[in-house]
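Asks: If you want the building blocks of each chain, they are given just below.
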Amino acid sequence: MTLVHVVTSRNRTQYKEQMSQYFRIRHEIFVEERGWEQLRRADGVERDQYDNAQAIYLLALDNGRVVGGQRLYPTLLPHMMSDVFANLATRGVPRSESIFECTRYFVVKERRTGRTDCRLLAAMQEYCLSAGITDITAVVEMWWMPRWHQIGFKVRPLGLPAVIENEPCMAAQIAISRESLEQVRRVGGLRGPSLLQEKRHPANERMPHVAA
Amino acid sequence: MGGESFSYANEAFAFVERLDHLTSPSAILDAMEVSLSRFGFQNFIVAGLPGPRERVDQVVLLKKWPPGWFDLYISEDFVRDDPIIRRCRNSVQPFAWIEAPFDREKEPRCLEVMNRASDFGMTHGFCLPIHGINGYEACISMSGTDLDLTAKTKPALHLMSVYAFERIRAQMSPERQSAGKPLTAREREMLAWAAAGKSAADTGDILGITERTVTAHIVSACHKLEATNKTQAVARALQYRLLNI
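If you read the sequences in order, they're chains A and B. The first sequence begins at 985 in this note's numbering and counts up one residue at a time. The second sequence begins at 420 in this note's numbering and counts up one residue at a time.
It cannot be assumed that every hint is accurate.
[Claimed, not checked] List of simulated lysine-lysine pairs, DSS-like, C-alpha gap at most 27 angstroms:
(1) B:LYS483 <-> B:LYS571
(2) A:LYS1093 <-> B:LYS617
(3) B:LYS649 <-> B:LYS617
(4) B:LYS482 <-> A:LYS1138
(5) B:LYS482 <-> B:LYS571
(6) B:LYS483 <-> B:LYS617
(7) A:LYS1000 <-> A:LYS1093
(8) B:LYS649 <-> A:LYS1138
(9) B:LYS482 <-> B:LYS617
Note that these hints are calculated values from the structure, not bench results.
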C-alpha cells in the first residue's frame, strides 16, 4: 500500500535510505528522462540550493521504495519562482507565510498509469490543510492544467504560458480546500487519507502512566 | 514585454476571471464568442474525442459552427479522417491547423475534410488537445477567416482555451451517463490483470480481494466501455489507450 510520508529536518534521520533513493530518482527523472541538462551531475544525485532545512518533502513510499515525490518550500524565503521564474509570474510572485511553493513533482515511470498522481496530490491537500497552508505556487507544464482541473484544483494563472525546456509552462497558484481534496479522492478512487498519520511516539504514550 | 502582448495577456486573464461567474452553457458560449472574436475566431467547438462507436454529436459539449458544416461533418463521418482529431489523440500541445500533418496523395479523405471546411470559411484554426486523468480525451478547436495567430497571441489563446474547456466540462459533465464515464483506477487494474491472462479468481488471490469484487469491477468497466464481455472490454481499453501493458 502506497502512503505519502512527510519528511522534514525534524524526522529526516528516520528516512536516510529513502532520501538518498529520492535524490537519485530526481536525477533519473529530471536529467536523464526530461533532459534538464544543467542539473546533470557526475554522481547521479540531483540536489539544488532549496534542498535545505526549510524544505518539506512529501514522498510516496511503497514498502520503503520511493514511487513519487514533491518538495514544498516557504515563499517568504528566496525560492524558485522568485529567483528563477519571476518573469513567468507577470501578475506578481505570491509570498506569504501561508503560501508554499511546490517543485520537483514526479511519479516514477511504472506508476504513471495508476493512481499515484491522485494520491500525491491528495496528500498535498491533506498536508496543507493540516499545516495551515492556504495556497501552493508552482511552475507547471500546461498539459497538467486539465488534470488539475479534473481533480478539482482551483488554479489561478500568475502569467501567460511560456516555453521552458521545449514545453509551454505556466506559473500558477493553487488554492487549498477541502472540496478539492474530496474531488481528487473521488477521481482517484481513494477512500482513506493518503498522508501517513503521524504515529505518537511510544515513549510519550507511556510517559503519563510511568508518572502516575 | 511590448504593449501589444500585454493587452493580450490582460484579455486572457479577464476572460479567465469572467468564466468563474458564468453558470450556464449559453453564457459561456457568449463570453467565448466575444473574447475569441478579438483574435479573429468566429467558430469553435468543444468536444470529447469520440470512441470507435460514438458519433461526434454524442460527445460535443458546446459548439458555434456553421450549421451546414456540422450536418455535413456528421453525415460524412468526417471525424474518422479529420487530421485535427488525429493530432489531438497524439499530442498534448496546442497547434495551428496547418500543423496537423496528413499525406495529400495517400490520404484523400483527410484532404477532403480540410477542403470542405474551407468551403465554410474554416481554413485556418487553432486547437488544444485535452488529456485528463483516467484516459479522458477531448479538445477545443476554433477557426476563422482572418486570424491573429502569432507567437504573441498563442500563449493567451492557450490559456483561454484551457479555462474555457474546464468551465464547460465542469458545467456539462456531471449529467453524463455512466457509459463514457472514465474508468476508475481499480477498474483499470482489473482489466490489466485480465489482459495478462488472469482469471477473476487469480486476480482476487493476487490482490487479496474476493473474486466477487473483481467481477463487480470488471462488469462496471464493461458497462462503461459498452463491451459485452471481459475480452471486448480489454480490447477496447487497449484501443483507447486506457491500459498500457
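Asks: Taking 27 angstroms as the top limit, are the C-alpha atoms of LYS482 of chain B and LYS1138 of chain A close enough?
Replies: holds (25 angstroms)
Asks: Would you check the hint for LYS483 of chain B and LYS617 of chain B, treating anything up to 27 angstroms between C-alpha atoms as holding?
Replies: violated (47 angstroms)
Asks: For the pair we were handed, LYS1093 of chain A and LYS617 of chain B, check the Cα-Cα distance against 27 angstroms.
Replies: Satisfied, since the Cα-Cα distance of roughly 24 angstroms is no more than 27 angstroms.
Asks: Between LYS483 of chain B and LYS571 of chain B, does the CA-CA distance stay at or below 27 angstroms?
Replies: Holds - the C-alpha atoms of LYS571 of chain B and LYS483 of chain B are around 25 angstroms apart, at most 27 angstroms.
Asks: Assess, step by step, whether the Cα of LYS482 of chain B is no farther than 27 angstroms from the Cα of LYS617 of chain B, and give holds or violated.
Replies: violated (44 angstroms)
Asks: Would the hint linking LYS649 of chain B and LYS617 of chain B be met if the CA-CA limit is 27 angstroms?
Replies: Holds: LYS649 of chain B and LYS617 of chain B sit about 11 angstroms apart, inside 27 angstroms.
Asks: Between LYS649 of chain B and LYS1138 of chain A, is the straight-line Cα distance small enough, at 27 angstroms or below?
Replies: violated (37 angstroms)
Asks: Holds or violated: LYS1000 of chain A and LYS1093 of chain A, Cα atoms, limit 27 angstroms.
Replies: holds (23 angstroms)
Asks: Taken at face value, is the distance from the CA of LYS571 of chain B to the CA of LYS482 of chain B at most 27 angstroms?
Replies: holds (26 angstroms)
In this structure, the hints that do not hold are numbers 6, 8 and 9, in rising order.
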